[in-house]
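Undergrad: Which chain is which? The protein sequence lines are A and B, in order. Start counting the first sequence at 1; every next residue gets the next number (my numbering). Start counting the second sequence at 108; every next residue gets the next number (my numbering).
Hints are supplied without guarantee of correctness; some may be wrong.
As the list claims (entries may be wrong) - Below are the DSSO-like pairs computed for lysine-lysine, each with C-alpha atoms no more than 30 Å apart in a straight line: (1) B:118 x A:81; (2) B:245 x A:90; (3) B:114 x A:15; (4) B:256 x B:144; (5) B:118 x B:256; (6) B:125 x A:92; (7) A:56 x B:256; (8) A:92 x B:114; (9) B:125 x A:81; (10) B:143 x A:92; (11) A:90 x B:114; (12) A:90 x A:75; (13) B:256 x A:15; (14) A:92 x B:144; (15) A:75 x B:256; (16) A:56 x B:144; (17) A:81 x B:256; (18) B:245 x A:92; (19) B:144 x A:75; (20) A:81 x B:143.
Honestly, the hints are just simulated from the structure, not real lab data.
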Amino acid sequence: MASVSLTQMPYVTQKIGVPRAVAVEFPFGMIWGLPNDRIMHRTILMHLLDAAENIKRPGTIVELPYTWPEDLTEKRDWFPKEPPPWLTSKEKIQQMLDFIQSGNPLE
Amino acid sequence: MTVNSFKFMSKTLADSLKVWPYVDTSGEEIPWTSLKKPVRDCRIAMVSSGGFYHRSDIPFDLERERREPLWGDPSYREIRRGITQADIRAAHLHYENAHAMQDFNCMFPLAMLEELYRDGTIGGITEFHLSFMGYQPKPGTFIREVAPKMAERLMEWGADLVLLSSG
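So that you can see chain B by itself, here it is in the shape it has in the complex (with noise of 0.2 Å):
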C-alpha cells in the first residue's frame, strides 16, 4: 500500500492505529454483493462517519464522549436529500470540522452526486442518505444493532449500490 495518510497525524495517534484492536475478522470471508445493473442505471445512496445531522434533529453525544473517551455514540442520522449547506452540522471530535462547515461536499459530496444524476452518469439517487459518528473505539453495538438498521433502511429506499466515505 503506497497511500499513506499516517503523515496527517500526530505521531501518538499513528503509533496507537498500528497497534490498535482492531475488530478480529481474519477468520471471515469478505462479504461480496455483485451490481445488479450499469451505474448508469444505478439508484445511489451515501453514508458518511463524518457525524453529519440536520440542524433540526438530535446532534451526536459529544459530551458523554468527552465524560467516558473510550465511548462513542453509536447511533446514526438519516439526511434527507437535497440537505442544504445551511443546514448540516457536524459532531465529532476527531477531525477538524470547520472545512466540511465551509463546504460539506470535501467530506459528503451529496451536490456532486446530484450533478451526475442530472447528466445522466448515475441512474438516481435515494431521498436519504445516512451519516454516523466514526469514532466508535468498541463497535460492539454500531455492528451488532446499528449498522444492520442502517442497511435495512437503504434497501428500503431502493438503493443498488452505495458509497460509504470514512472522514
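So here's chain A without its partners, still in its complex pose (with noise of 0.2 Å):
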C-alpha cells in the first residue's frame, strides 16, 4: 500500500521523514483550499496522484505554487474561537514550555 501526504508544514514533515509529499501554504482548517472551491481541492488531488506516480526518491517532498489571497489573510479566520487548551492559563502554558524543552514524545 503506497502513500502520499499533503502537508502545511514541510518544515516538519521533512524531520519526521515521510516517502511522498506535498506541501502547500493554506491555513489550517481549509488545507485543500475555501469550502466549496471544487477547483481548488480537485487541482490538489490531482498533484497528490502525480506524486504517487512520479516520486521515486523516499522524502520527496513537492511544493505547491498557490497562495492565500491577501485579503482572506488580514482575515484570520482560521484560529478557532476556543484557543486551545494549553494556551488558557499561565500554568498550563509552563506545562507546555517544560514538554517542549525536556519532554519524551514517546513516554
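Got two chains here, each in a separate frame; can you build the complex from them with the hints?
TA: In C-alpha cells:
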C-alpha cells in the first residue's frame, strides 16, 4: 500500500521523513482550499496522484505554488474561537514549555 | 522549503513548533512502498487528521484534553464512503472547524475523490476512510498501537494508495 501526504508544514514533514509529500501554503482548517472551491480541491488531488506515480526517491516533498488570497489572510478566520487548552492559563502554558524543553514525546 | 505556514499561526505556537520535541526518526530509513499499478487502476483511501467522525459515532475526547492539555485522544474513526455534509462532525480544538462544517471537502475532499472515480481518473475507492485527531503532543500510543491498526484496516479494504491529509 503506497501513500502520499498533504502537508502545510514541510519543515516538520522533512524532519519526520515520509515517503512522498505535497506541501501547500494554506491555513489550518482549509488545507485543500476554501470551502466549495471544487477546482482547487481537484487541483490538489491531482497533484497528490501525480506525486504517487512520479516520486521515486523516499522523502521527496513537492511544494505547490498556490497562495492564500491576501485579503483573506488578513481576516485570520482559521483561529478557533475557543483557544487550545494548553494556552488557557499560565500554569498550562508552563507545562507545555517544560514539555517542549525536556519532554519525551514517546512516553 | 518555500511553503511557510508559520505565517498563519500565533507567534507563541510558531515559536513552539520550531523547537518542538518531535519523535526522532533521524537514524531511521524513510519507509517506502512502491505504487504497484497506475493510479487509474488504484483503489484509493483517504485519511485525515482533522478529527472527523459520523454524527452517530463517539466524538474524540476533547473534555479530557481540556483537563490535561498535554494529552490528545489517540483513537481513530472509520468514515463510510458516501458520508454527507449533514452526517459529518469534527472534534479538534486546534483549528477552526466552521469551514469544514460548511464544506468538509476543504479538509477531507471525499466528494472530489468520487468525481475522480466517476470520470475514470482513479480505479476505485475503499468502502471506508479514516480520521483521527491530529493533536498528539505525546504520540507514543498512536504510533505503537493505533496507526498499525489503521494500516491493517486499510489493507483489509484493499487500498492500493492512501492519501494522508493533515489539517
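Undergrad: Taking the hints in turn, state whether each one holds.
TA: Structure-based check of all given hints:
For a cut-off of 30 Å, the pair hint linking residue 118 (chain B) to residue 81 (chain A) stands: about 17 Å separates their Cα positions. For the given pair, residue 245 (chain B) sits about 21 Å from residue 90 (chain A) by alpha-carbon distance, which is consistent with the 30 Å threshold. For a cut-off of 30 Å, the pair hint linking residue 114 (chain B) to residue 15 (chain A) stands: about 19 Å separates their Cα positions. Pair hint residue 256 (chain B) plus residue 144 (chain B) holds up; C-alpha atoms about 24 Å apart against a cutoff of 30 Å.
Restraint check: the Cα-Cα separation between residue 118 (chain B) and residue 256 (chain B) comes to about 36 Å, which exceeds 30 Å; the hinted pair is violated. Straight-line distance between C-alpha atoms of residue 125 (chain B) and residue 92 (chain A) comes to about 19 Å, which keeps the hinted pair within the 30 Å bound. Distance hint between residue 56 (chain A) and residue 256 (chain B) is fulfilled; the C-alpha atoms sit about 27 Å from each other, no more than 30 Å. Restraint check: the Cα-Cα separation between residue 92 (chain A) and residue 114 (chain B) comes to about 24 Å, which is no more than 30 Å; the hinted pair holds.
Pair hint residue 125 (chain B) plus residue 81 (chain A) holds up; C-alpha atoms about 24 Å apart against a cutoff of 30 Å. With a CA separation close to 47 Å, the supplied pair residue 143 (chain B) and residue 92 (chain A) exceeds the 30 Å bound. Under the criterion of a C-alpha separation no larger than 30 Å, the hint pairing residue 90 (chain A) with residue 114 (chain B) is consistent with the structure, at around 24 Å. The hinted pair formed by residue 90 (chain A) and residue 75 (chain A) meets the criterion: a straight-line CA distance of about 27 Å does not exceed 30 Å.
For the hint pairing residue 256 (chain B) with residue 15 (chain A), the CA-to-CA distance comes to about 24 Å; that is within 30 Å, so the pair holds. With a CA separation close to 49 Å, the supplied pair residue 92 (chain A) and residue 144 (chain B) exceeds the 30 Å bound. Using a Cα cut-off of 30 Å, the hinted pair residue 75 (chain A) and residue 256 (chain B) is violated, with the two alpha carbons roughly 40 Å apart. A distance of roughly 14 Å separates the Cα atoms of residue 56 (chain A) and residue 144 (chain B); the hinted pair therefore holds under the 30 Å criterion.
Among the hinted pairs, residue 81 (chain A) with residue 256 (chain B) is inconsistent with the structure: their alpha-carbon atoms are about 33 Å apart, more than 30 Å. At most 30 Å may separate the alpha-carbon atoms for a hinted pair to count; residue 245 (chain B) and residue 92 (chain A) meet this at roughly 16 Å. For the proposed pair residue 144 (chain B) and residue 75 (chain A), the alpha carbon gap of about 43 Å is over 30 Å, so the pair is violated. The straight-line distance between the Cα atoms of residue 81 (chain A) and residue 143 (chain B) is roughly 44 Å, outside the 30 Å bound, and the hint therefore fails.
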